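> So the sequences go chain by chain: L and P.
Quick note: the first sequence uses the numbering used here, first residue 1, plus one each step.
Quick note: the second sequence uses the numbering used here, first residue 1, plus one each step.
Bear in mind the hints are in silico, worked out from the structure with no lab data behind them.
Owing to the predicted nature of the structure, the values given are computational and were not obtained by experimental measurement.
Ideal Cβ positions, reconstructed from N, Cα and C, are used throughout, including at glycine.
Per label pair, the in silico range of CB-to-CB distance: (1) L:His169 - P:Asn312: 50 to 60 Å; (2) P:Pro225 - L:Glu165: 52 to 62 Å; (3) L:Lys16 - P:Lys30: 42 to 52 Å; (4) L:Asp167 - P:Leu46: 23 to 33 Å.
Not the full set, but computed from the structure, chain L residues with beta-carbon under 10 Å of chain P: (5) Thr85; (6) Ala112; (7) Ala116.
Protein chains: 2
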Amino acid sequence: MKDIKEITEAVRTEAKVIDQYIKRDLAALKPDLDSLLCKVLEYGLLDGGKRIRPLLVVLSARLCGNREEETYKLACAFEYLHAATLFHDDIIDNSAVRRGKPSVHEKFGTVAAILAGDFLHALAMEIVGRYCGSDGLNIFCNATRGMVDGEFMQLRNADKHNLSELDYHDAIMGKTGLLIAAACEVGAIYGGGNEAHVAALRTYGVNLGCAFQIIDDLLDYQGDPKLTGKAVGNDFSEGKMTLPLILTMNNAEEGDKSQLLTLLENRKNIDDSFDQVYTLITHYDGFEKAKSKAVAAIDNAHSALSGFKEKNTLAEKTILEGLARYVLIRKK
Amino acid sequence: MKDIKEITEAVRTEAKVIDQYIKRDLAALKPDLDSLLCKVLEYGLLDGGKRIRPLLVVLSARLCGNREEETYKLACAFEYLHAATLFHDDIIDNSAVRRGKPSVHEKFGTVAAILAGDFLHALAMEIVGRYCGSDGLNIFCNATRGMVDGEFMQLRNADKHNLSELDYHDAIMGKTGLLIAAACEVGAIYGGGNEAHVAALRTYGVNLGCAFQIIDDLLDYQGDPKLTGKAVGNDFSEGKMTLPLILTMNNAEEGDKSQLLTLLENRKNIDDSFDQVYTLITHYDGFEKAKSKAVAAIDNAHSALSGFKEKNTLAEKTILEGLARYVLIRKK
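If we strip away everything but chain L, and leave its shape as in the complex, we get (with noise of 0.2 Å):
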C-alpha cells in the first residue's frame, strides 16, 4: 500500500496529462468559435482543478485492461460536463468565487455563463457518443437528468427541515455520486470491462462519491477556513438539511429537536445559532455518525475493487484505493 502522498503525485502528474488534452480541445475548436466564447471557455476551463472525473475514467479503462491513450479525449467529456454544471450551478446558488477566482458569471456575466454552460453540455455529450456509443450516452445523460432532478428536489426541499436520511442520500447521488459512478462506468464499458467490472467500478463510483460528498458536508461544520477557503457554517445559515444534523434529528429527544427546529427556522443571530446546533449535534454523535457513514462507503468502494487482481493493472488499483483513503482524511 502506497502512502498519501505518492498516490497525490500520480493524481498530479495524470492531472497534468488531462490539462494537455483539454488545451488540444479548445485548441482545435477555436478557429470556429466566437472569440468570447473561447475566452469563457478557458477561464472555466483551464483552472487547476484536480480532474478527478477524467482520471476516474482513464483509471477504470486501464483496469479492464485498455491503456490506449485514446482514452484521455473520453475522459475529458466529463470535466466538460462537470464544468457545464459548475457554470449553471454558480449562477443558481449565486456563488461569486470559484476556486478563489471569480466565477463564470460573475466574470462575464449570466448570458455567457448559461449558455457556454450549454455549448460544454453539448460538446461532452458529442464525445460520449463518439468513444463509447448509445450505451455509453445512456449512463452520461442519466447522470446529467440525475443531477438536475436532485437539484429540484433540493429547490423543493428548501425550506424542509425533517428530511430523511433517503432523501440526503438522492441529493448526494444527484449531486457527486451519479456522475463519478458515470465516469467509472463508462470508463469500464470502454476500456472493454465485462458486465462484473463494469458493475464493480460503477458501485466503486457511486461510493466514493457519495463519501466525497459527506465529508464535503462535515467539512462545513467542522473545516479549517485557512484548508477548505470556505467559512464553517454555510450550509446551516442557508438552513441546509446535511447527513449531521440529519441523523442529530433523527436521534434527539423531543425538546432538543423543537429547539434544533426553532434554531433552523429563526437563523438571524447565525453565530450565536450555529454554536447551540454545534453543541447539539455533537451531544447525539452527529459528526461520528455521519463519519461512519462515509467509512462504510469507502468500506465498499474498496471492498468493490477486490475483484481487479491483474498484475500489471495493480498502479491502477492502487491508485484508485488511494483516492478513497484520501477521501476519508482530506482537509480541504
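Mind docking chain P on chain L? Use the hints.
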C-alpha cells in the same frame, strides 16, 4: 399542388400525433422525477406549438422510405432541444412572455428554467444517440454548439452597426437554420436515405430555416401586431441589425448612412426614430431586397426536393413544398 389550407390541416394533424408522443414521454418520466421538474416540463412543452422541427424529422424519414411509427420518438428530441433553447433564451433575452403566457423563467424562476433546459438538453441527446447513433448525435450537437456560438456572436456584436450580410447569415444559421437543417438531416439518415438524399434534405432545411428567419425579421418591421402578437420595431429598439437594415446600410449614400447610424446609436425617441428608419429602408428598397433573399432561399429549398420522385412519398413532398411556400406568405 395543394392549397395552403390543406397543408396547414396536414401539419395540424401531425402536430397532434407528436403531442401524443411528447405526453407519453412525460408520463413515462414522471415516476422517477421531482414533481416540480415535472410541472415545469409540462408547462414548457405542452404549449400548443406547431411542432415544425419534429414534423420535419418525420417527413424527411418518410421521404427516404421509412414510414415506421418509431420515427415519432426520435422526432420528439428536436422539440425537446428546441424547448430547452427557448427556456434559456428567454432568460438571456429577459422575455417575460412566450406564446401568450408567462415564459418558464417568469413562471417558475431562473433556477428552474436553467435546470429544466439542461434536463431537456440531456434527454434530447440521449434520444438522438439511441435512434441515430454517433452520426446523428454529431449533427445534433453541432447544431446546439452552432446555436450557442451564434448567441455569443450576437452578444459580441450587440453594439456594432456595421454588420455584413455574411454576419447576418451566420447569425440566422445559428438561431434557426442549423437546428431546422439538423431535423431534416437526422430524419433522412434515420430514414435510410442515401448520401444524395441526406444532402438534399439538409439543403432544404438550411434554406427553409434561413427564409423563415428573414421573414421573421421582416415581420418585426412590417407585421400586423394583431396577427404576430408582437409590437413592431422590437429589433430596431434593441439596436439589432437585421437584413432590411443591413442591406440599406450597404446601399445608402454617405449622408443617409450617417443618419441611420445616428438613429441607431441614439434610440431615445423610439417611435419617431423608427419612422425615420422605416422611411430610409423603404427608400433603398431594403424590405424588397430582404424579401427577395427569402424567395431565393425558398427556391433553393424547392429545388433540393426535386430529386425525390417516388410516387408513394408524394404526400410528404407536397407538405414540405407547402411549408416552404407558407414561410413566404405567413403573417404570424
